[in-house]
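Peer 1: These are the residues of each chain, in order.
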Amino acid sequence: MDLIFENLTFLLKGAYYTLLITVVSMFFGFIIGVIVALARLKGNRLIRGLARIYVSIIRGTPALVQIIIVYYGLVDYGITLGPLTAAYVALSINIGAYLSETFRGAIQSIPKGQTEAAYATGMTPWQTMRRIIFPQAARVAIPPMGNTFIGMLKETSLVSVITVTELLRSAQLLVAQYYVYMPFYLSIAVMYWIMSTVFSSILNYVEKRLSKAY
Amino acid sequence: MHVEVRNLNKHFGPFHAVKDVSFNIAKGHLIGLLGPSGGGKTSVLRMLAGLEAPDSGEIRFHGQLVNQLPPQERGIGFVFQNYALFKHMTVYDNIAFGLKVKKSSKAHIRKRVMDLIELTGLSGFENRYPHQLSGGQRQRVAFARALAPEPQLLLLDEPFAAIDAKIRQELRSWLKELIENVGVTSIFVTHDQDEAIEVADEIMIMNQGQLEQKGTPWDIYKHPQTPFVATFIGESTLIHQIADLRGFEEARRSPNIQALIRPEYIEIGDEHEFNVISATEQGIVKQLHFRGSEWLVEVEVGPYTLKTYRSLEKETLRVGQHVRVLIHRAYLFNEDNSWMIENGLKTDPMPIII
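The listed protein sequences correspond, in order, to chains R and C. Under our numbering, the first sequence has 501 at position 58, and the numbering climbs by one with no breaks. Under our numbering, the second sequence has 1130 at position 229, and the numbering climbs by one with no breaks.
No lab work stands behind these hints: they were computed from the structure. Check the hints yourself; a few may be wrong.
Here are the simulated BS3-like cross-link-like pairs (lysine-lysine), alpha carbons at most 30 Å apart as the crow flies [what the hints assert, rightly or not]:
no.: 1; chain 1: C; residue 1: K1187; chain 2: R; residue 2: K555
no.: 2; chain 1: R; residue 1: K597; chain 2: R; residue 2: K485
no.: 3; chain 1: C; residue 1: K928; chain 2: C; residue 2: K1004
no.: 4; chain 1: R; residue 1: K485; chain 2: C; residue 2: K988
no.: 5; chain 1: C; residue 1: K988; chain 2: R; residue 2: K651
no.: 6; chain 1: C; residue 1: K1003; chain 2: C; residue 2: K988
no.: 7; chain 1: R; residue 1: K555; chain 2: C; residue 2: K1215
no.: 8; chain 1: C; residue 1: K988; chain 2: R; residue 2: K555
no.: 9; chain 1: C; residue 1: K1123; chain 2: R; residue 2: K555
no.: 10; chain 1: C; residue 1: K920; chain 2: R; residue 2: K555
The shape of chain R in the complex, shown without the other chains (with noise of 0.2 Å):
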């Protein structure tokens, strides 16, 4: 217990790490999945295509097998990213492929004849998807992109093979100084616990307030 006290800073500094990561790369997938999403809906048959074939070989593929290709694969081009980097880049493509599915899944659960209404009271396509269909599809898309959100606060502990020093890579580094294991991996289990709960908590809140109108 005493190890895990005094090496604390450390292990917040990886959490830290951890949450940055997660909020970065979910700012980012988010974009990319709103992009996406209406790439598959509204494109023409090429981008349709193009959208379609992206979530297909970033869902296909192991995310683990996406980080290393983006830090180590790149290299043979002549693209040289941080560890940092590479892990937002990374997870932000990984993201936003699932992010789209469940935007597109959301904007096509929101009845036509919303469309239609809004056609029929004088709006234009644009504001039509900005004013009636986006508010209504968050309502339906919130609650699976806090679970997108709280697994990739966890999947985050895959970028400490590319030595980003996250939550997971912190202990790590604590475990071959001290060459003990169980409490460096059971603290940092509390920690990302600790960490989903919270989110759990606050998406929880922020589903009730949107309920409020249905």
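Knowing the structure of chain R, use the given hints to seat chain C on it.
Peer 2: Okay, now just chain C, sitting in the frame of chain R:
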């Protein structure tokens, strides 16, 4: 708004949903688009709204061709069968929405919305969400939302279909009054003839994608132009060989005619109730339907099943009972013409004046 439709056609794959439909609607009129399910009524309405594109034909508002205009530029209000209220918005925001899109001033929006809330009897419900309202209230919100931007044309797709019978009856009267007050040209789709007759200034009857007849409810009831219209409006029986019935032999002179016999043209009773027995047919009571204030009697005369009304004051009939049937008159029509013919053998005056 004056609406003009010329040779409108619409296919859905191989299915020809709307076939060469043409009509004019005068400014300020309330039109009922009536017909059975799958008759093309909603397709016509959606093409007027711009929610469907016609394959061919013209739609003109005030003489201006609008085929290529998107819905938001047509100046229409649309009330959907399932209301299609924006469920993430309050009643107030739903009604205000079209005005916000038009960038109206806040003061104008507030005044217009509150006027409509009062007009539609929704005072006190401004801050409620659609899921907190009854079916009738949701329908009123849908009307108010459609009317808020002051449309030139109001389109209503089976506006009362999802509402229970008692409230539907109240809303019919309310809608007619509301539209008369607002003075907007309106078209509503329905498959309920009572609704069309009660609410509409004029009715357009559609069947299998074709416009069968357009006219006032009274005209259509009195002078149906096709066999479909004849049988669709009111309770009636279509007869192909009217000349075989007593008193209608003169109909033989007109080839290819069909006859329509409505319940009010028929009287049933015992032999002693009629002056001229030779003018009556032998019939058998097949069905009795209690209608609250009267009986609807189905009586078999030869190969035909005729329908008539019978007062509750008269002696109650029973199924299988033999009766005499006096057909006072029949409505005859062929491709070119239509006319009324009286029973040539009877001497009794007809009890119901049409």
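Peer 1: If a hint holds in the structure, say so; if it does not, say that too.
Peer 2: Tested hints:
With a CA separation close to 48 Å, the supplied pair K1187 (chain C) and K555 (chain R) exceeds the 30 Å bound. Of the supplied pair hints, the one linking K597 (chain R) and K485 (chain R) is violated, its CA atoms being roughly 33 Å apart against a limit of 30 Å. This hinted pair checks out: K928 (chain C) and K1004 (chain C) have alpha carbons roughly 27 Å apart, not beyond 30 Å. Restraint check: the Cα-Cα separation between K485 (chain R) and K988 (chain C) comes to about 24 Å, which is no more than 30 Å; the hinted pair holds.
Between K988 (chain C) and K651 (chain R) the alpha-carbon distance is near 15 Å, which keeps this suggested pair within the 30 Å criterion. The hinted pair formed by K1003 (chain C) and K988 (chain C) meets the criterion: a straight-line CA distance of about 21 Å does not exceed 30 Å. For the hint pairing K555 (chain R) with K1215 (chain C), the CA-to-CA distance comes to about 55 Å; that exceeds 30 Å, so the pair is violated. For the given pair, K988 (chain C) sits about 13 Å from K555 (chain R) by alpha-carbon distance, which is consistent with the 30 Å threshold.
For a cut-off of 30 Å, the pair hint linking K1123 (chain C) to K555 (chain R) is broken: about 41 Å separates their Cα positions. With a C-alpha separation of about 26 Å, the suggested pair K920 (chain C) and K555 (chain R) falls inside the 30 Å cut-off, and the hint holds.
Hint compliance for this structure: hints 1, 2, 7 and 9 are not met, and every other hint is.
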